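The task is simple: from the sequences and hints, build the whole structure.
Chains as they are written, first to last, in the numbering used here: chain V, 34 to 272; chain A, 62 to 353.
The set of hints was computed from the structure by calculation and includes no laboratory data. Model, not experiment: these values are computed from the prediction. All C-beta atoms in this analysis are idealised placements derived from N, C-alpha and C, irrespective of residue type, glycine included. Errors might be hidden in some of the hints.
Label-pair distances were calculated between CB atoms; the ranges are [unchecked claim]:
hint, chain 1, residue 1, chain 2, residue 2, range
1, V, G153, A, S282, 25 to 33 Å
2, A, V226, V, E156, 43 to 51 Å
3, V, G166, A, F195, 39 to 47 Å
4, A, V334, V, R233, 57 to 65 Å
5, A, L123, V, Q167, 40 to 48 Å
6, A, V220, V, D163, 25 to 33 Å
7, A, F205, V, Q209, 54 to 62 Å
8, A, V339, V, L247, 47 to 55 Å
Now the stretches of chain V that chain A is said to cover, found in silico as 3 or more residues with beta-carbon under 8 Å [what the hints assert, rightly or not]:
hint, stretch
9, 98 to 109
10, 118 to 124
11, 129 to 140
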Amino acid sequence: MSDAAALDVKDIVAGYGGGPVLDGLSISVRAGTITAVLGANGAGKTTLLRTISGFVRPRRGRIEVGGANLARRRPEEIARAGVAHVPEGQGVITELTIEENLRLGALIRPSADRAAALAGTYERFPLLSDRRGQLAGTLSGGERQILVIARALMAAPQVLLLDEPSLGLAPRIVAQIMTLVRQLRDDSGLTVLLVEQNARSALGIADRGIVLNLGKIAADEDAADLAADVSLRRHYLGF
Amino acid sequence: MQEFVQFTLGGVSVGMIYAAIALSLVLIWRGTRILNYSQGGMAMFSAYVALIVINHTGNYWLGFAAALASGLVLGAALERVVVRPVANKPALNAVIVTIGLLILIEGVAGILYGGQFRSFPPAFSITGIKIGSFALGVSWNDVFIAVAVLAAALVLAAVFRYTAVGLRMRATAFSPSVARLLGVRIGRVLTLGWALAGLFGALAGVLVSPSTFLYPNSMDSIFVLGFTAAVIGGLESPAGAIAGGVILGVLLNYVGGYLGSDLVLLFGLVILVLVLMVRPSGLFSTTATRQV
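Pasting the structure below:
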């Protein structure tokens, strides 16, 4: 684990017309770590991810990945620069097969690397391998979540943005997904920005925790300290 | 019996022309949710390009190739210049723009080439094929029409299924925002969709013009029937477009053969209205309308 930031968000102001949802927000995500972004509905968590991945254009500020400023670029160019965003509500393309969904994830890589990426994914996720020819619409909610994470990894991203991966899933499945994310960090040094309502699960695997409140940072601490801070938990995290 | 075989085979041939138009409409609809009312005009324009090249060189195939190339270029250019600016505006804007394009293209064709009916050469013989004394009611040119559209459609299907470009096109059609998240430059994909639509329209224009003559409005009724074929097929599905074209072609050939050719366009419109009323998502749809 190095000290270098894989993702640096600096003084971002962004929103949807009207007042800003994110108001001068700065966060730094160290390479090879998991940073959990927590907070109530409307705190700006999803807007933060949508701004990083280019679907919301910031009015001000910088978003740096690998030294390049990605702020105000188009989503497809930001994806090509190494930011993989797994959106809330998943984003499996149900009309395509599981294999086609996965292949789609690797299309920004040189064609010589794609077959190896696919083979590696099937090795890691036997479930997807067994059902590669089936339409992705036949998968259950938890299986779809695994597919979208696997698909995001096919691009060999610098940073993985995960938006509410636990949404609508049974506790047992949530635990599996969180374990998977932790393994990806431990085994491959993946850098993850994890947005979650489920603060307890997220802090269980995160290195750092950031609490958002009304578009501003209410806390930015080591995950363990955050989880131990009883008043903060009661105030913002509800556990 | 002989009549029935003749009407059926002839219907398949003309149906493949509707299928080509339907396919061009589906290609654009899937990617952009725009119904391209100027598709017939674009096809007509490419047919003029073919006719000029044929008249200058005396070579049908050079004209054929020129028409396809002009269809590709025209489709891509129109998407970039005229359609892109209305892409994320209310749906009515795109409707007005493509109807305006139709009027513009037909007007320009009238200025450049005049309004008179021009005869257009067929690729092959138009005398009917006979097996012994049994007349099939179709010519080698009709066979060529069916084979050409089918071959083009099969190539398209293979591109969709087996290539990276095809995967990008399908992903963009099904879920443009997810495609962008995965780094698909959907602007290029949409341009390519319009280019391919232009190509299929041009193919239809060249194939149909020997039997309709060529003039600035010559593709208007073909467009309506091609649209009907696309609706029968569900407007989303390339395979449905082909099936819809063949079904419509055969049905209308029975109408023309047994009841009289004056009724063909009327019946085409009746079928269009019926399908839209009874099964607006097409005859082959198995799923409910997608929620947007």
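Hints and how they fare:
Distance hint check for G153 (chain V) and S282 (chain A): the Cβ-Cβ separation is about 55 Å, which falls outside the suggested range of 25 to 33 Å. At roughly 28 Å, the beta carbons of V226 (chain A) and E156 (chain V) sit outside the given window of 43 to 51 Å. Range check, G166 (chain V) to F195 (chain A): about 45 Å between beta-carbon atoms, so the 39 to 47 Å window is met. A hinted range of 57 to 65 Å for the beta carbons of V334 (chain A) and R233 (chain V) is consistent with their spacing of about 59 Å.
The beta-carbon spacing between L123 (chain A) and Q167 (chain V), approximately 47 Å, falls within the hinted interval of 40 to 48 Å. Range check, V220 (chain A) to D163 (chain V): about 28 Å between beta-carbon atoms, so the 25 to 33 Å window is met. Distance hint check: the CB atoms of F205 (chain A) and Q209 (chain V) are about 58 Å apart, consistent with the given range 54 to 62 Å. Here the CB-CB span from V339 (chain A) to L247 (chain V) is close to 52 Å, well matched to the stated 47 to 55 Å.
For the stretch 98 to 109 of chain V, the assignment as covered by chain A holds, since 3 residues bring a beta-carbon within under 8 Å of that chain's beta-carbons and 3 suffice. Given as covered by chain A, the stretch 118 to 124 of chain V passes the check, having 3 residues with a CB less than 8 Å from a CB of that chain where 3 are the minimum. Residues of the stretch 129 to 140 of chain V lying with their CB closer than 8 Å to a CB of chain A number 6, which satisfies the three-residue condition for coverage.
Checked against the numbered hints above, the structure breaks hints 1, 2 and satisfies the rest.
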